[in-house]
Structure formats: structure tokens, C-alpha cells
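K.L.:
Which chain is which? The protein sequence lines are A and B, in order.
Following the working numbering, the numbering of the first sequence begins with 1 at its first residue and continues without gaps.
Following the working numbering, the numbering of the second sequence begins with 432 at its first residue and continues without gaps.
The reader is advised that the hints may include incorrect statements.
[As the list claims (entries may be wrong)] Derived contacts from chain A toward chain B, CB cut-off under 10 Å, selection only: (1) Gly-200; (2) Ile-201; (3) Arg-205.
The set of hints was computed from the structure by calculation and includes no laboratory data.
Since the model is a prediction, treat every value here as computed from it, not as a measurement.
Glycine residues also receive a C-beta, built at the ideal position from the N, C-alpha and C atoms.
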Amino acid sequence: MKIRTQAKQIVLKGGTIFDPFRRTLETGDVFIQEGKIKAVGKITGPEGAEIIDCTGLIVTHGFCDLHVHFREPGREDKETLKTGTNAALAGGFTRVCVMPNTDPPMDSPEAIRFVVEKAAELPVHIHPIGAMTKGQRGNEISEMGAMKSEGAVAFSDDGFPVANGQVMRLALEYSRMIGMPVINHAEDPLIRNEGVMNEGIVSTRLGLPGNPDVAESVMVLRDLELAQMTNARIHVPHVSTARAVDHIRRFKNNTQLALTAEVTPHHLYFIDEALMTFNTNLKVAPPIRSEKDRVALIEGLKDGTIDCIATDHAPHTIEEKEATFDLAPFGLIGLESCFGAVNKILGRQSGLSLETILTLLTLQPRKIMGFEVDLFAENCEAELVALAADEEWVFGENDIFSRSRNTPFLGETLIGKPRYTITKGIVAESG
Amino acid sequence: MLQQKHLLGLEDYPAEDIQTIIDTAFEFRAVLERPIKKVPSLQGKTVVNLFFENSTRTRISFELAQKRLSADTVNFSASSSSLKKGESFKDTAQNIEAMKIDAIVMRHPTPGSPLQLTKYVDAVVINAGDGTHEHPTQAILDMMSLQERFGKVAGLKVGIIGDIAHSRVARSNIFGLTSLGAEITVCGPATLIPPEIERLGVTVSYDLDAVLDWADAVNVLRIQRERMGVGLFPSVREYRSLFGITVERLERIGKEVVIMHPGPMNRGVEIDSTVADGDQAIILDQVLNGVASRMAVLFLLLGGKI
């Protein structure tokens with residue numbers, strides 16, 4: 001990947017432009033001047049502008065990921081805001097929300113300001129999600145109002161489910177007051193128990209402690225009931241089970257709840273059978289589930305139960321992941337492989353249109369967070385990606401720009417690859 | 432002679448290779464009955480017993496098997512807690528291999544660790560128990576003992592009694608016995624039967640009397656008292672009354688059932704002393720067959736000559 005400063009004037013020439021906001025698809029050019037969209041359509045000149053040949057490429061909004069872990073501050077050996085940014089650019093992402101389980105956790109306005117200031121110079125838009133409770137300990141709600149003022153866009157104790165229902169209720173009530181969504185990692189810790197993989201025939205065969213699907217679904221159900229009671233905004237992260245999809249669908253159909261949900265590429269791509277090799281890069285929370293669950297997640301995307309794709313990009317060091325299965329940490333990186341993976345599963349294998357898939361990566365997540373959604377409007381800051389949507393490629397070590405390497409997608413044939421990512425005054429070009 | 436380089440587990444292990452190991456084990460069993468019990472088959476081969484978990488009988492059994500075959504043996508014991516602190520599993524494995532050894536016999540508390548070991552070393556890896564996953568040599572010696580007693584394994588009705596969920600012995604027995612054509616019923620508290628186990632081709636029962644009435648042989652698993660602390664079963668006396676192999680129960684059945692136990696036994700809990708020491712029990716035959724089975728595995732995997 002080569003990153004260069006944008007020329008004063010750029011023309012993205014001859015691409016197929018998909019505007020998820022207007023839902024239009026047409027061949028044309030995009031003229032960008034000093035980082036801002038100036039014109040879209042058939043463009044001649046101007047003299048001296050840099051021409052980026054987009055023939056055969058899809059030009060659309062830059063991807064937006066509501067769920068990444070960039071580990072800064074505290075675990076810069078796994079990822080930093082800078083290296084995470086490179087991973088995002090390689091994956092076609094121009095905007096990400098970073099989770100607060102850093103060290104120390106982002107549970108104060110000072111911590112939010114640290115990330116906002118540090119991210120200001122980086123070419124990807126980085127929005128911090130503040131901790132829902134102090135120290136992510138799940139006991140007392142955090143200073144949400146002050147964190148919002150410093151730039152927090154949502155609240156979550158991601159990685160640590162808020163087990164105490166009273167605290168969850170208070171967090172929902174309080175966040176509703178300031179109009180912010182709450183994101184709870186839904187896994188009942190007592191039902192999950194020691195589980196390190198999905199509970200079922202595969203955990204029985206491997207002798208690994210299982211994490212049953214109800215560990216997720218009972219907490220999703222609790223959260224939805226509480227959100228309905230408090231009239232709060234709730235976003236369900238990384239839905240992994242058919243049962244949770246059913247709960248979300250029922251609430252969407254039968255209530256007025258401001259409810260949204262996301263699914264990860266790895267839960268769409270893999271099933272628990274893949275753990276027969278004890279690959280620690282497939283150890284993730286919530287766990288890789290059964291084929292029945294995977295099919296239900298795809299159905300949930302098709303009927304709108306699930307709103308968007310989010311990677312849950314979670315870097316861990318090689319040393320940590322080379323440990324035995326019980327000691328290896330949960331999580332995998334997902335930014336670089338995201339589009340190729342979801343396009344293969346949802347497009348090639350499940351029949352979703354490319355427009356729908358791109359909307360799940362662009363318009364939908366931006367709507368959830370209230371980010372700008374009309375990105376082809378004149379004078380809008382350019383946040384675009386140009387994709388080779390049908391390119392088949394094998395995901396390899398050289399495609400990783402994260403500081404970490406923990407991905408089960410290594411060696412997988414993916415379909416579709418970001419070629420140019422254009423954001424904040426730079427052009428990132430992938431090979 | 433065997434199709435796979437390592438012995439990691441019996442799931443998907445070729446049935447004919449299991450039979451080859453058992454047949455070879457009977458030849459070594461004959462050697463063990465001789466006054467001089469040592470053969471030169473693995474002279475010059477070095478085997479490391481790498482034990483990350485306490486074990487007395489399995490380690491002694493492997494060590495005796497290695498000595499009877501004239502292999503050089505080294506024992507390495509490390510608690511997994513020391514690994515958590517410092518040296519990684521990978522470093523330990525690669526350090527040992529750097530000393531030019533031929534095989535590693537490993538016991539480890541984590542499922543899958545032997546497979547992981549094969550990625551770090553070139554030596555032959557033999558799984559001596561990986562957590563709650565598999566214990567293939569135990570299952571081979573169990574099948575050998577059944578064959579010794581009944582002439583063949585195919586068609587036998589075998590009950591496996593106790594904590595199935597946390598038992599590597601149960602898993603390897605299920606994989607091996609089904610592969611050789613035995614019928615299996617697992618029996619134990621519902622909290623200790625893992626989900627969807629029927630899909631491994633076994634029947635589940637909670638009625639020990641019915642299982643004993645049905646079975647030709649039962650393999651009685653050790654009940655680990657620490658499981659009680661987290662409420663997986665309510666009490667020892669309740670366990671004994673529902674799932675203990677008691678004298679009274681066997682008398683009530685009124686038929687001969689062969690009793691096996693992988694050891695170490697909790698006498699008076701999962702099995703009565705009188706039963707363990709009685710004529711129906713083949714527990715000490717299993718121990719001897721364990722040495723013979725491990726000799727067979729080492730011999731076949733290390734390409735020894737008779």
C-alpha cells in the first residue's frame with residue numbers, strides 16, 4: 001500500500017459510481033479539489049489535475065466501521081492509532097469508532113480528548129466510544145456527558161458485558177438524556193462460564209468448554225427489554241446467534257425501539273467446524289457459531305434485522321496467539337479482509353446485490369452514529385473508496401497493515417479488493 | 432506402517448491402524464510375560480516424556496514401554512503454571528527438539544496442544560492426554576483388554592459411566608470403539624453429559640441398572656470431586672446411589688458384566704472396593720496391557736525392528 005498526499009485537483013476517471021445515499025449507480029467521474037467533492041458526472045479537465053483511472057472500479061463512500069480496537073493507549077505492542085489507521089485504509093475504511101477497552105480504559109473526558117487529539121493528524125476519521133461504566137467494571141455509570149463534549153459518539157464496556165441489570169438500566173436512562181447510543185457486549189458471563197468456543201457437537205468432540213448461544217440471547221433480550229422500558233437508543237454489537245437475531249427482529253417489528261445491530265465478517269464467514277484445527281486465530285468473543293446461526297445472520301441482513309457490518313478488529317500479539325488454546329486471548333483482526341470476505345459470502349454465495357453490501361458498509365453505519373451520509377454532495381470532504389469488486393485474491397501476510405497478524409483469513413480466497421482509499425488529504429493505493 | 436506420523440487422537444484415525452496397534456500390542460504382551468522383558472527394537476532412539484500435568488501411572492507406563500524397547504528416555508515435568516509465567520509452550524518444545532530427539536510423549540491440560548506441538552517440532556508426537564480432549568493410548572489399551580476378554584471388539588456392547596463431559600478417556604473410547612464397530616451407551620449425571628453427544632454415534636442413558644443389564648462391559652470413569660464444588664453434581668452419596676458400581680447393584684443385575692476403570696479409582700465412590708477387586712474386574716489387566724499398547728505405538732511410529 002502506498003500512501004501519498006492528494007494533489008490539489010484529482011479526477012477519479014471512468015469508474016462506476018455508487019451513491020448509497022441517493023441509491024444511484026452510474027458510470028462517471030468524480031472531481032475533488034483541495035480534499036472536497038466539486039463535481040460528479042461527466043467531467044472534462046481541468047488542466048493539470050491528477051487523473052486516477054477508475055475504469056472497471058466501483059467508486060463509493062469510504063467504509064465506516066463502528067467497532068474496532070486500536071489498543072492505544074496501553075497496548076501499543078498490538079496496535080496504535082497510526083497502525084490501525086493503515087489497516088483501515090487498506091480495507092477501504094475512512095471512518096472508524098474505537099472501543100474503550102484500552103489501558104487505562106477510555107472512561108473519562110481526558111481519555112477521550114487524548115484519542116481525539118492524537119487522531120486529528122491521522123488520515124482516517126477516528127471516533128472514540130466511551131466506557132459505559134467507570135473502569136469498565138460494570139458498577140457505576142461513567143461521565144457520559146463530559147465524554148460526549150470531548151467527542152465520544154457512543155458508550156460501551158465492550159469486551160466486558162454489563163452483567164448488573166440495574167447498572168445497564170441506569171446507563172440506558174442516562175445516555176438517553178444526552179441522546180447517545182449504548183452498545184453492550186451481550187454475553188451473560190455466568191452462562192458463558194469458562195466457554196472458549198461455541199457449545200455444540202464440535203465443542204463436545206474437541207473437549208473444549210462450550211459457550212452456549214443462550215449466553216448471548218438472554219442478555220440481548222434483557223437489554224432490549226430495558227431499552228424499551230427506558231426508551232433509550234441501543235446498538236447490539238457482533239450478533240452471533242440465531243436466537244439473538246430472532247429477539248432483535250421481534251423488537252424491530254413490534255416496538256418503536258431505536259434499535260440497531262451489527263454483524264462481523266468472521267461470524268458470516270466461518271463456522272465452529274473450522275475450530276477442529278484448534279486455530280487460536282478463531283478464538284473470539286462471541287465465538288464462531290454453528291452453520292444454523294451463520295445462515296440466520298445472513299437472513300437477518302437480508303430482511304433488515306441487522307443494520308450493518310462491523311469488523312470488531314481486535315489485534316493481539318503473535319506471542320499471545322501462539323499460546324495454547326486456553327491461554328490465547330479472544331479476538332481477531334478484520335479491517336483488511338472485510339470487504340473481500342463479506343462480498344464473497346453475501347454477494348457471491350447469498351445473492352445480495354453489491355449495492356446492498358456497500359450500503360451495509362457505508363450509509364448504514366453512518367446513519368447509526370449520525371455521521372454525514374451525503375458524501376457525494378458538493379463541498380463535502382472527500383471520503384471515498386474505489387474497489388475492484390470482482391477481483392479474486394488470496395489474503396496473505398503482505399495484505400496486513402495492522403501491527404498484529406491474528407487473522408483466520410490468511411490463505412482464504414476473497415472476492416473484491418479496495419484499490420484506492422481517499423480521505424483527509426491522502427490517497428492510499430493498494431497493489 | 433501406520434498412515435499417520437503422529438498419534439494425536441482416535442477421532443478419524445483409521446480403524447485398520449487401530450487394529451494393527453492392538454495386534455502388535457499382543458505380541459509385546461507376550462514379551463512382557465517372558466523372564467527377560469526387554470527387546471532391542473528402539474535402540475538408539477530417544478523419547479522425551481513431556482508432562483505439563485501431574486501423572487504417575489501414564490508416565491510410568493510410557494517410561495516402562497520405552498525401556499522395554501531399549502529407547503533412551505528423558506522425563507521433563509513442568510507445571511503449566513510455570514509456562515503461564517515465562518517460557519512459552521513453543522520455546523519449551525523447540526528447546527527439547529533442538530537436543531535431537533525422535534519422539535515426544537506429551538501430556539498437557541489444554542485440548543489441542545499436541546496438534547499445536549506438531550507445528551513446532553519435527554519429532555513424532557504421541558498424545559498422553561490433552562485436557563478434556565483425547566487420551567488415545569488409554570482407549571487402545573481398553574480396546575485391547577476387551578479383545579483379550581471377548582476375542583473381538585466389533586459388536587460388543589460397552590457402557591461408559593460417569594463424567595463424560597470432562598473425560599478424555601470417554602472421548603477416545605467413543606472414537607475408537609465406534610470405529611471398531613462396538614455399540615456404546617454413555618451414562619452419568621445429565622450435567623456431565625456433553626451436548627449433542629448422540630451425534631458421535633452413542634446412546635445416552637441416565638439409568639445405570641438398564642445400562643448394566645444391556646452391556647457386555649462397562650468402563651467406569653473416575654469422578655473428580657472438584658467438579659462437585661461448582662455444583663455439577665450435588666453430593667458424593669447421591670452420585671454413588673445413582674451411578675456407583677456397587678456390589679448390590681451388580682447382584683441385582685444377576686449377570687456377568689466386565690468392569691474396567693482407567694484409574695486412579697475412588698473406591699467407595701464410583702466403584703466399590705469389592706467390585707474393583709472382584710472377578711468381573713479386569714482393571715489390572717488394563718494396566719499391563721497399557722505397557723504393551725504403548726510399546727506397540729512407540730514401535731510402530733518410530734519404525735523399530737523386531
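K.L.:
Now tell me if each hint is right for this structure.
P.N.:
Here's how the hints hold up against the structure:
A least Cβ separation of about 6 Å between Gly-200/A and chain B falls short of the 10 Å threshold, and the interface hint therefore holds. With a least beta-carbon distance of about 4 Å to chain B, the hint placing Ile-201/A at the interface is held under the 10 Å criterion. Annotation: Arg-205/A was flagged as interfacial toward chain B, and the flag holds, the nearest CB pair being 6 Å apart, inside 10 Å.
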